[in-house]
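**Q** For reference, the chains in residue letters:
4 protein chains.
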Amino acid sequence: MAGNSFGQLFRITTFGESHGGCVGVIIDGCPPGIEITEEEIQKELDRRKPGQSSITTQRKEEDKISILSGYFEGKTTGTPILILAYNKDARSEDYLELKELYRPSHADYTYEMKYGFRDWRGSGRASARETLARVAAGAIAKKYLKQKYNIEFLAYVDEVGEIKCPDIDPKYVRIEDIENNIIRCPDQITAQKMIDLIEEIRNEGDSVGGVIKGIIRGDIPVGLGEPVFDKLHADLAKGMMSIPAVKGFEIGLGFRCTKLRGSEHNDPFINDNGKIRTAKNNSGGIQGGISNGEMIYFRVAFKPVSTIRKEQITVNRKKEKVTLSPAGRHDPCVLPRAVPIVEAMASLVVMDHVLRYEAYK
Amino acid sequence: MAGNSFGQLFRITTFGESHGGCVGVIIDGCPPGIEITEEEIQKELDRRKPGQSSITTQRKEEDKISILSGYFEGKTTGTPILILAYNKDARSEDYLELKELYRPSHADYTYEMKYGFRDWRGSGRASARETLARVAAGAIAKKYLKQKYNIEFLAYVDEVGEIKCPDIDPKYVRIEDIENNIIRCPDQITAQKMIDLIEEIRNEGDSVGGVIKGIIRGDIPVGLGEPVFDKLHADLAKGMMSIPAVKGFEIGLGFRCTKLRGSEHNDPFINDNGKIRTAKNNSGGIQGGISNGEMIYFRVAFKPVSTIRKEQITVNRKKEKVTLSPAGRHDPCVLPRAVPIVEAMASLVVMDHVLRYEAYK
Amino acid sequence: MAGNSFGQLFRITTFGESHGGCVGVIIDGCPPGIEITEEEIQKELDRRKPGQSSITTQRKEEDKISILSGYFEGKTTGTPILILAYNKDARSEDYLELKELYRPSHADYTYEMKYGFRDWRGSGRASARETLARVAAGAIAKKYLKQKYNIEFLAYVDEVGEIKCPDIDPKYVRIEDIENNIIRCPDQITAQKMIDLIEEIRNEGDSVGGVIKGIIRGDIPVGLGEPVFDKLHADLAKGMMSIPAVKGFEIGLGFRCTKLRGSEHNDPFINDNGKIRTAKNNSGGIQGGISNGEMIYFRVAFKPVSTIRKEQITVNRKKEKVTLSPAGRHDPCVLPRAVPIVEAMASLVVMDHVLRYEAYK
Amino acid sequence: MAGNSFGQLFRITTFGESHGGCVGVIIDGCPPGIEITEEEIQKELDRRKPGQSSITTQRKEEDKISILSGYFEGKTTGTPILILAYNKDARSEDYLELKELYRPSHADYTYEMKYGFRDWRGSGRASARETLARVAAGAIAKKYLKQKYNIEFLAYVDEVGEIKCPDIDPKYVRIEDIENNIIRCPDQITAQKMIDLIEEIRNEGDSVGGVIKGIIRGDIPVGLGEPVFDKLHADLAKGMMSIPAVKGFEIGLGFRCTKLRGSEHNDPFINDNGKIRTAKNNSGGIQGGISNGEMIYFRVAFKPVSTIRKEQITVNRKKEKVTLSPAGRHDPCVLPRAVPIVEAMASLVVMDHVLRYEAYK
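Protein sequence lines, in the order shown, are assigned to chains D, U, Z and F. Using the numbering used here, read the first sequence as starting at 598 and increasing by one per residue. Using the numbering used here, read the second sequence as starting at 598 and increasing by one per residue. Using the numbering used here, read the third sequence as starting at 598 and increasing by one per residue. Using the numbering used here, read the fourth sequence as starting at 598 and increasing by one per residue.
Chain D with its partners taken away, still in its complex shape (with noise of 0.2 Å):
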């Protein structure tokens, strides 16, 4: 209820702030038996760890976690797990000549408005290091997912600024292309000129946003999502609305498919070899909020991040004008960190359905 949870039968409640003890995630209703290791985890942490590369922060953060329940002999028991980072690089001073002012675009205002006051130490819950525990609970629902469904989840960069992606047939895109380069993106020409973009933004003290696009594909069943609110496109614009940053999200053709007709937007049904499948898909993969066994994929938008070093003019709490230039480790483009996180939310919406599929069928 108050909003640190997400998903029904496969439930995850985050915790933590960017500069308090630790970050972590509790993970409520995953199946038992599944064999998985901190290590495999790790691995899809360390894809969204600050200072991983030149165009990200360089605060140093190992992310390191534990899982500290719901876990035996290697697997998951089927009660809960916790799982933990404690927060190492949390230079709290940093942040002390903020304590008495609005940050721009930042959640601060709205933060100390709702609760009275406010961690003031980073971002306090508004960091986006409370991401870094929906990867982890990401990390069990993909190895789930594959070894169940043969489901994989991708994510990489289409836009950053201006500077897009050419289209790609989303069964075409590769892991090895998107994780080939530091910004993610599968065309290694537009992968460089995004990097040279960022790394300008960055001299000039700026920051930029863009898109990224999501792929679910494999043998999704036919049947996951609810017909009315918790259609799967609902969920997932909910589960990727809800990651920072994050200003608008598409299916299939989204804004795009507004421009088009009926005639020209409609997947008609075929026989493809005595399975049903769609021509083409325009809707990505979800008719009437429910999969039709087609790649589903989708778009998210993220603004240029907040943090900016160039100066800024705001507010403090005694409503007096001052300027702002901040002295934090920060990325000039969060678009490169998010690919896994959205990789994650995708995989926490599609496992909450599987769940919900598998208590009819």
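Because the hints were derived from the structure by calculation, they are not lab data. Watch out, some of these pointers could steer you wrong.
It does not matter which identical chain is used: a pair holds within one copy or between any two.
To be verified - Below, in silico cross-link-like pairs of lysine-lysine (DSS-like), each with a Cα-Cα straight-line distance of 27 Å or less:
1) 918 x 872
2) 640 x 918
3) 640 x 661
4) 672 x 761
5) 761 x 743
6) 915 x 958
7) 915 x 672
8) 958 x 696
9) 958 x 640
10) 672 x 768
11) 918 x 761
12) 745 x 958
13) 958 x 916
14) 918 x 745
15) 740 x 768
16) 743 x 915
17) 916 x 672
18) 740 x 958
On the provided structure of chain D, position chains U, Z and F as indicated by the hints.
**A** Below, chains U, Z and F alone, put in the same frame as chain D:
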């Protein structure tokens, strides 16, 4: 869990099929003592009902509702409110030929796979007729929020196909201008262009999509929304994406903000005659998932409706190729009738978060 | 959240007041394809309805239900099921004199304080008439559980005032013996004593309480119930305690087990022809909150109904002392009509846990 | 959904196994600004911890907790609170011989059937050690309710085996009298008898059950609890029945009220110096599921603990008959250590309903 409910404290559950006995809603958690009449609810429903203008479906449904519980002496009682509309103009025979086939981009196939069989009359539960239940519930939420917080909800058609309404500052949009034409676009010249386009497309037996812009304004408390998963815009996204035919959602500048630099996009705080406000509002009234007191605005992308008069190829239940030319009566463009639905969903989201907010005040 | 819903996956929401338009239930999450008729549901309701015998209230309500959604060609469709009974014999004028006062041990006072005012006709939402909705939903749960798991639900009157039915092994209780008399006690001699006592008390204008015993038997899967808070017996307790007039619940030996030693109370496991079972069943079929495959049995304590014909002293809304001698038609003892309610609530709890169980199989 | 969470607005999720890494709780929805120290929480835990007296298990666990999130400068922040106790005195080897068999009336068998395998160290998740998490969360609820509503929670041992404490009016029960002896019974003479009985039983290698009485008193608002399913006493019942070893619950007079006539049991309203109150309180402070402002009292039945030193017969995983004589260190009677658990669960239920109540004020 089966996805027919929405909201945590102000919780609605909708029920009913387009050609079954009735369609309606239960509202659980409605505050007691709200004075409202069936006529006030009906007025909202009349903006959604079919047959209201030349550019909507000519199917005739009165959509006449009754309040059957939770209501006494003109006021809500605090107990569950049942609102119900019986189905009248339900020509099931129109659908007999559809019984054995799967219409392109409809939910026929996914429902049948999910449930093992389907109610083939109309679109059953997937029918947009379900949304009248949302509008009815929204009418109560709107009344409460207007009276208690002076919050109002507006929506208008911003795009139809390639035609786009000029940008209007949300604070100057007037309800009279929106309701002044049958497409519900506040710019009268654009409105006429949109109407012309829709009529042309209807004559071709085709359909077209578009974008609706939603606005929430008035004395919005600072503090609505929960920090992590239940961000105010994440719940708005889920609510909007759950409306039939919606394929995209964006808050504030949305996808457009990805092209900006942080220094351009950030909204500096200012002292506005003793009140903290933002100098501009690129964020769309929400920061860190929590309302900051500024106007909230967002956009929702609707696909061209799947039902068209043009001939289409698809398969039947025996997986044989068939030709489909539907005889039913349908909207060439759902946008004008979707305006009150978008308003209703927005009011349901805000209503729920207002009660959640009150619990901690 | 407002407490009108029960269950997680098989979720019912009841609505309606005793003297409003109707009383009914929405079932969300019902599996598709259950064949059931209105008559089968009606049969269960007839066991609950007023006026069925000389020892129940003579208020005449047919309690005739209709299924208005989620039902097609004789089967549940998987979408929300609306079942509704219109109120007929609602003499609101009977209650006019009660409008200004608070009946002892009724919900008049607490409702008015909670909601600011109350629907004073009958007992409004607090009326036991609400339970017909539970019985209707339970009829569907029972049908499903009988067909899919061969589970059956029985309940009988075990005590009325000081009169107690001799202990009967749950496996030998027969439904015919229970339904053979108007008090619903399987021991015919005890039944007559109970009936005599109730008639005597009715003549005195008073009321009496008692205890109902509930039994769940058949091929109960090992594994229903969740380990910590949603223990199977904790959910049974909540369900039973939510029935009007219930003041106590016990599982297995219940309060009696507190007098035993662990060595007496423990149920040793045995090999029963290759199947693991317990040698005896003091635990009532549940261990660690999870069904062990043995019969489940429990007892539910009902208070003497608050509405009596005898004169009583109380206060009115002006806090003045007043004398009350109610004219309405009431039950001297709710036990016989509560038997199907206890069965229904038990079936709703088991149904929900069966679906939760299925989600992980 | 997997049953490790309790509460709607004040929602706790417990985690951890008796012999895993740790045991703890996440509290989501805790109001911000509650001043509390780890020491205050520890004080409650010390009343629950093993080894505190001669009649409890001699297992030594410090149960030392840390608050790891949601806490800043001595106050709760409104974000999720993680409280965690690492396991210290965890001799897993004690349990090696139990690995292959099913202890009578333990959860070994049901867990193994439900999850496919089990964490055989201690009782895993079924261990009463889980309840320390409830007591920790309850300490925060108690603090808030004391400060904001002057509500206090007491519990005491009312029965051990056949020994019963004389009836005491809930308003005269004093915490000092309860805590004055190791069994936690406010009547010192009865307390000594209970202690003598438990020592005798311990020497026999057996165990014994009993009954705890709970009291909620202070300025309880009229209006806590929801009318239908979430009646205040239904949620209390669920909370209490979810405590390990609990087999029965009753509110007010409970099972005893079934012997009374309505005219005896009913609580007439009176004008008590301008305030509406009841002349007596057979209802236990709740009418129609909603608090009426009077004291709330209830009783909870605990079975004799399953773990005994006496030899028992049971079966192993190969379904062979085996003899079991456990070597672990256990409580001959859980009642004295269960007193703070009953108080904690009561405070968690009331806390949740207080927030739900606030949402509509």
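**Q** Look at each hint and say if it fits the structure.
**A** Quick rundown of the hints versus the structure:
no. : hint      : result
1   : 918 x 872 : between (66 Å within a copy, 12 Å between copies)
2   : 640 x 918 : neither (45 Å within a copy, 47 Å between copies)
3   : 640 x 661 : within (10 Å within a copy, 33 Å between copies)
4   : 672 x 761 : neither (42 Å within a copy, 47 Å between copies)
5   : 761 x 743 : neither (30 Å within a copy, 43 Å between copies)
6   : 915 x 958 : between (60 Å within a copy, 23 Å between copies)
7   : 915 x 672 : between (54 Å within a copy, 23 Å between copies)
8   : 958 x 696 : between (54 Å within a copy, 24 Å between copies)
9   : 958 x 640 : neither (34 Å within a copy, 29 Å between copies)
10  : 672 x 768 : neither (32 Å within a copy, 40 Å between copies)
11  : 918 x 761 : neither (38 Å within a copy, 39 Å between copies)
12  : 745 x 958 : both (15 Å within a copy, 12 Å between copies)
13  : 958 x 916 : between (59 Å within a copy, 23 Å between copies)
14  : 918 x 745 : neither (57 Å within a copy, 33 Å between copies)
15  : 740 x 768 : within (20 Å within a copy, 45 Å between copies)
16  : 743 x 915 : neither (54 Å within a copy, 31 Å between copies)
17  : 916 x 672 : between (54 Å within a copy, 25 Å between copies)
18  : 740 x 958 : both (22 Å within a copy, 18 Å between copies)
Hints 2, 4, 5, 9, 10, 11, 14, 16 from the list above are not met by this structure, while the remaining hints are.
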